[in-house]
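Undergrad: Sequence:
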Amino acid sequence: MARTWQMFHRRGVGICSARYDDHGRPIDRYRLFGLSRAGAPPRSAASPTRTGARDGRRICEALGEGADVRVELRCGERDGLRTLLDREENLCAR
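Numbering-wise, the numbering used here puts 73 at position 86 of the sequence shown, and it's gapless, one number per residue.
It should be emphasised that the hints constitute simulated quantities derived from the structure, not laboratory data.
Be a bit skeptical, because a hint or two may be false.
[What the hints assert, rightly or not] Restraint ranges, calculated between C-beta atoms of paired labels, are given here:
#, residue 1, residue 2, range
1, ASP8, GLU64, 19 to 25 Å
2, ALA25, GLU52, 18 to 24 Å
3, ARG(-2), GLU52, 39 to 45 Å
4, GLY1, ASP42, 16 to 22 Å
5, PHE20, LEU71, 40 to 46 Å
Cβ coordinates follow ideal geometry from the N, Cα and C atoms, glycine included.
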């Protein structure tokens, strides 16, 4: 008997991907903060959480006045990727 298919079994569950954009243009957070992916501190490579992803203060400060930063946060679950935040709000409008 074949097992039921699961996208993630253990390792991918809870790992999240956050994508930010400003006025619809993707933001490269590493470049914005003068980092390379290989040389980035461990904290910046850590998996974002829903609360952490929504906290765009550093990005808003770096982009300056008039920024419209939105985030798409997707996290791995046993059934696949689940979108938790889908660019609903401007993180700089707080």
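Undergrad: If a hint holds in the structure, say so; if it does not, say that too.
TA: Taking the hints in turn, this is what the structure says about them:
As the Cβ distance of ASP8 to GLU64 is approximately 24 Å, the hint placing it in 19 to 25 Å holds. Separated by about 32 Å at the C-beta atoms, ALA25 and GLU52 break the suggested range of 18 to 24 Å. Look at ARG(-2) against GLU52: about 41 Å separates their beta carbons, and that is inside 39 to 45 Å. For the hinted restraint 16 to 22 Å between GLY1 and ASP42, the CB-CB distance of approximately 19 Å keeps it satisfied.
Between PHE20 and LEU71 the beta carbon distance is about 23 Å. The supplied range of 40 to 46 Å is therefore violated.
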